[in-house]
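Asks: Residue-level listing of the chains:
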Amino acid sequence: MAKDSISETELRKRFVDIYKNSGKVKLYLEVPVFSRSVDLVVQDADDLSMMAVEFKIHDWRRAILQAQSVAICFDYLGVCLPQPKTERGYRSIVDACKVSRICLYFYDAQSKTFGKVLDSPRTANVWDAQKKRVIKYLEGEAHEGTTPDSEVQYWNRQESVR
Amino acid sequence: MKELLRILRYNTGTDKKAFVELKEQFDAVVFNATIVAYSGSSVADLVSMHERKYIIDPQTHIFQQDISAIMATNGKAEDVEHIKKSVDKYLDQLPKSLAKILREQQRPLNVPEIMSDIDDLVAKTYEFQTEYVSKYIKKKDYDKYLEFTDLQPSPRMVIAPYFMLKGSYSKDAISSWLHLNSECLRKTIEMESKSEEHHPIAAQLVLDKTVLELPNFADEVKKTYSSGGYEYIFIWIDDFDAFATSIDHVQAFADLIKKLNGIGKKPIMAYGGYESIILCNAESPVRLYGVAQSVGYGEYRAITPVGGGLPVNKYYFLPLHRRLKFGDAATILSAHGYFTGSKSPADRARDYYAHICDCRQCHHVIHNDIHNFNRYSDSSPYDVHTRNGIVKRNKPTYEAEVSAALHFLYCKVQEWESVEKQGFVDLVHELRGNYKKYCPEKLSQIDKWCKVYGYKKN
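Heads up: the protein sequence lines correspond to chains A and B, in order.
The opening position of the first sequence corresponds to residue 1 in the working numbering, with each subsequent residue numbered one higher.
The opening position of the second sequence corresponds to residue 163 in the working numbering, with each subsequent residue numbered one higher.
These are calculated hints, taken from the structure and not from any lab test.
Treat the hints with care, since some could be wrong.
A short, non-exhaustive set of chain B residues, derived as facing chain A with CB atoms under 8 Å [said to hold, decoys possible]:
| # | residue |
| --- | --- |
| 1 | Tyr307 |
| 2 | Ala492 |
| 3 | Ser496 |
| 4 | Ser539 |
| 5 | Asn550 |
| 6 | Lys554 |
| 7 | Arg555 |
| 8 | Thr559 |
Glycine included, each C-beta is placed from N, C-alpha and C at the ideal position.
Please work from the sequences and hints to get the whole structure.
Replies: Structure (structure tokens):
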């Protein structure tokens with residue numbers, strides 16, 4: 001994968017800055033699920049379906065594994081990565097995400113834009129009991145601000161972004 | 163004495179509930195000497211429930227570890243490092259000359275230094291294992307009852323002082339540490355023969371995985387430990403998990419155990435999981451005669467302290483004989499339709515008892531609704547400071563931790579029962595079948611393990 005000078009936190013911040021105004025969704029940072037903390041949870045404000053999104057700069061395989069590790073709690077899974085510089089790298093990631101049924105966003109460092117390359121089908125075998133736990137957490141504690149980034153903290157306290 | 167030893171390791175106060183509930187199911191309990199030195203009174207209470215069942219690991223390897231392995235601060239960056247309190251208290255019970263080097267020069271000791279005080283070291287570690295806990299029991303109200311019923315606890319066995327064989331040592335250095343171990347063992351047996359009470363003596367062999375592969379290592383161990391006067395040898399291989407390590411290590415381990423069996427010794431894994439318990443089967447081509455496992459944390463243990471890590475909900479997945487992160491276990495069950503589909507939660511609970519685990523704790527947690535399985539993941543969020551700022555993580559509740567620990571121990575009881583009742587081939591066949599069904603990505607490692615122990619696939 002092509003290296004990018006930005007950090008994972010910065011990549012997520014840019015994603016959030018763009019997508020917070022893109023539709024009827026609520027965005028939550030650092031959501032504890034099982035033994036992990038999911039980078040970003042995108043919740044549809046209408047049907048309350050949720051997508052877990054993992055951000056990685058270097059290790060895209062790990063991003064897929066991390067997303068899969070919480071699959072039974074989410075309706076959709078996604079990863080967000082810097083756009084690879086080679087066609088081969090691009091293909092490998094797209095193919096792996098297709099097989100894993102994971103939504104894929106690429107970040108283009110030059111244009112500083114994100115593109116959705118793959119949509120994901122709905123996750124199979126969601127365990128409602130655990131999904132409800134995540135929703136309960138989002139309804140309760142998520143609005144305290146879970147990052148030291150003041151802009152995101154402010155934004156995160158807004159209950160929904162339209 | 164019962165030939166196979168099912169042993170528990172006691173680590174922290176949170177292990178107590180599970181420990182007390184399952185005490186009758188295990189043959190002995192091992193305490194680290196540092197815990198005994200630091201919490202003598204509580205240990206006395208626990209061992210009073212275990213007549214003639216306790217073993218103290220003398221941990222004499224602390225003399226040869228890098229000083230950082232035994233140092234701690236009070237948790238603040240500006241604090242000065244000091245020797246951990248439990249280690250310091252234990253050092254008070256050991257030869258002053260050796261403890262002085264650690265305390266004042268803050269460096270590991272070498273073989274000649276330890277050898278120069280070997281008689282005192284042997285005497286002090288023997289005394290610590292046989293008398294230290296009793297001193298605390300004598301102060302207890304219940305002592306008179308123990309005395310009246312002649313049920314005063316005493317050690318199940320006494321472990322001779324031992325030192326670790328490190329991967330960084332030269333072949334000559336390993337030989338000299340082995341010689342020191344051999345002398346400690348010989349002198350402990352001598353001391354035992356002169357004592358009025360008779361405690362079985364055990365050796366302990368502690369090593370890095372890489373040492374297993376040194377040329378002629380198994381032969382050298384055979385030579386070192388071939389003397390009479392004792393039967394059991396505790397084996398502790400740094401962070402050794404035979405279902406996950408390289409096949410060369412598995413083979414070298416099998417060779418080592420075979421050599422020890424050849425000289426009539428009974429190896430016990432000081433930290434081990436099912437891959438060790440299965441080798442206690444009477445038909446196993448190389449035999450272990452006992453396994454110790456912790457209540458609260460992993461079956462495998464690094465020798466020197468490493469970062470404790472963040473507490474997470476874990477669940478012992480009995481068909482795989484592995485402790486998994488709760489999410490991974492739930493993902494496997496979900497993939498097999500336990501939480502979805504047309505069957506009712508009660509039917510799914512029955513399936514779970516039939517195919518996954520039928521232990522008392524699972525019945526207590528799940529009842530007749532499979533969705534109650536998520537009680538094993540009860541947790542509360544807490545803040546973790548990372549380089550990217552504060553993130554939230556889930557911390558298991560005390561109840562979930564105890565519940566998972568009890569389930570783990572009930573699983574161990576089941577494993578021991580099946581290892582004592584079933585044939586080796588059947589056990590391995592069942593193991594392979596379960597990996598094929600629930601964790602096919604790890605099946606090739608299991609197959610390699612099987613090959614070392616002579617199991618052939620149909």
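Asks: Hint by hint, say whether it matches the structure.
Replies: Hints, verified against the model:
{"no.": "1", "hint": "Tyr307", "result": "violated (45 Å)"}
{"no.": "2", "hint": "Ala492", "result": "holds (6 Å)"}
{"no.": "3", "hint": "Ser496", "result": "holds (4 Å)"}
{"no.": "4", "hint": "Ser539", "result": "holds (7 Å)"}
{"no.": "5", "hint": "Asn550", "result": "holds (5 Å)"}
{"no.": "6", "hint": "Lys554", "result": "holds (4 Å)"}
{"no.": "7", "hint": "Arg555", "result": "holds (5 Å)"}
{"no.": "8", "hint": "Thr559", "result": "violated (13 Å)"}
In this structure, the hints that do not hold are numbers 1, 8, in rising order.
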